[in-house]
Amino acid sequence: MTSGPSPGVPFDAHHYMYEHVLNVLDGKEEPRVKPEETLNVVSAIEAFYRSAEENREIRTEDLEGYTI
Amino acid sequence: MPHKYRVAIIGAGMICNAAHLPALTPLRKRGAVEVVAVADIRPEAARETAQRYEIPAWYDDPQKMLDEVKPDWVSVCTPNRRHNLSILALRAGANVMCEKPLALTWREAKEMFDVARQEGKLLFPCQSRRWSPDMDFASDVVRKGLLGKPYFADLSFVRRYGIPTWGMFHMKSENGGGPFCDLGVHFLDSLLWMTGNPRVVSVSGSMYDIIAQKGEDVLLSIKESGAAGGLFTPRPYDPSEFSVEDSAMGSMRMEGGLSVNFKFTWAMHQPTAKHITICGDRGGLDVEQMVLYQNVGGYQGETKLKYFDIRPFARGAL
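If you read the protein sequences in the order shown, they are chains D and P. Under this note's numbering, residues 8 to 75 are what the first sequence spells out, in order. Under this note's numbering, residues 6 to 323 are what the second sequence spells out, in order.
Calculated directly from the structure, the hints in this document are not laboratory data. Glycine included, C-beta positions come from ideal geometry on N, C-alpha and C. Treat the hints with care, as some may be off.
If you want the footprint, here are the derived chain P segments under chain D, 3+ residues with CB under 8 Å [stated by the list, open to error]:
#1 31 to 40
#2 122 to 133
#3 242 to 255
Bound conformation, chain P alone (with noise of 0.2 Å):
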């Protein structure tokens, strides 16, 4: 008989309304796990969350609960700036996972994982891109060689007008930065995955909050601002507290010789896009439109792979 894990959740917005409780429900019909608890500091998310997902208990304080309910699993979805709750759920005996990006400094996320070591217990940092069709063919392709060694990646993840405007994404106090914390960090912590993780020399990179203080142009589509899967308690947007990038574009090295140039948006006057060129001594690849692009007997081949998700999700099987 498996485990029964008790699950508890610190941050009942958006991701924990639309991602986490969701991936949660086979789990807990099949009885692997529990969800015993729900966590916020605005009181009326918590109960809404507890009640949308019948969570027999909710809380406006982590540490109480933390203290009430002893979870061995707890899920931290709140703004990035408290992600350094994960060492006080670690420090009560729950492995943890944590939403992106784990932390805004080096010496803030070493700190979380030596809390880890110490404790014995896994900090999963949920880096979930690696998991998405996309990411899940671009890296096969990689590792199977078809591009040889990579020595250039192109990243754009792009939205032309999609500013969250239903949380507490645009304010740095609560999430430390803009698009490249919220965007940026799947596309680059994907590629790093894919590459063998080369480790980063050197950033250079600009930032603009041009749109966002214009105030116009802010937000066009919930979905494309990334409330894909819709809002949940959503809390007043104030364009005077928006503090951090709108845009962020730039270059890296990486140890090795790959160079990447990125460029993440929330908002800009270019069209939306989801688009990485990684190229290698043998091929380049567009990920986006999964093309493989390679020199065949002399003339300039394009080859489409087809992609056939065959994981058990996309088969309905979970």
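With the rest of the complex left out, here is chain D (with noise of 0.2 Å):
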């Protein structure tokens, strides 16, 4: 096994994530991120890709099975 973590080290973002997900799964921690966020965020993601190939402005209401 590799040595522990130390400051400055690549990716430093995901150790505090781990040791949060590790507190959600024992009921200590409510999940900082929530499924409404990751749908809006992956909305703009698809609406990105359809206005760049339609070279048009996209609403996210228009995309497939989107509800608010």
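Dock the two chains into a complex; use the hints.
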């Protein structure tokens, strides 16, 4: 096994995130990343690619299956 | 005695080896988890990862791993198009961490969360950037109301010449998209999180692949291409496979009046930048420089905010 983390190592945010998820699974913290937040981000990704491909503005409400 | 979780990993490439397994190391050392298996469709990547991190089993078939090992925690570290392997892991009874972006379409993401809810398991998208010092700082400034109500943000995550040439990031069939998926998702997720998740109403964007198709100026630094922790069983790069954008730019509108300009590139003839500006009615914030712009008694005030990362990892306490 490689040595433990130290300040300044790459991807240090993953260390916090794993500690957080462990605490979530142990029932000590609420998940910081929520489904409605990720759905919002994914709607922007989908709308961006459609917009770039179709050369026009895309409204998220026009995405397949999208509900608020 | 806390439960000892049995963790398995799907996808044994760079982010698995450079981020996930190093982050799991302290959890393993104190007995909170054990890493029981790793799977990758490239057997050499799975085998080398298992050897590197002392993992007892490796597989070239994720479903076989799930069936045989029955993990209760799975981390999905595959290219974006395979993030739906999360569904197999949830159905097999595991809690799942999945690398970002969780999915490329709203419908796919919704299905993944629906499965998690049906199975009563956690599906956790790895929006790791929320824990980085700059976003920790910026979210604190925004939440304390130092900017008032934000109505404009400018997001620039620009690599001058840093196309990832060691995995499958550049292949539409595997990754779905380029820097908007890879870099933009971090800045956008963090901004939405710190501003209270205003609903994205519309997006107007453009994308190009001009530098990538020229095949020059593609990669000057492995670190700038996103692999600051090194490469692990890299895959040879073939420029003719490049089928995503090398640059993405445009604007979007959120409910409540926030508008956002964005620029996310792997390759473009301009300076490398990780620049975020957030402007509200009371003040503006340059996140990278940690400078707060405000009117102070009729003067143009520029306040340097000194940020001290006192979280456990920064103190070396994890």
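Now for the hints, and whether the structure bears them out:
1. 31 to 40: holds (count 6)
2. 122 to 133: Since 7 is at least three, the answer is holds.
3. 242 to 255: Satisfied; 3 residues make the cut.
Checked against the numbered hints given earlier, this structure breaks none of them.
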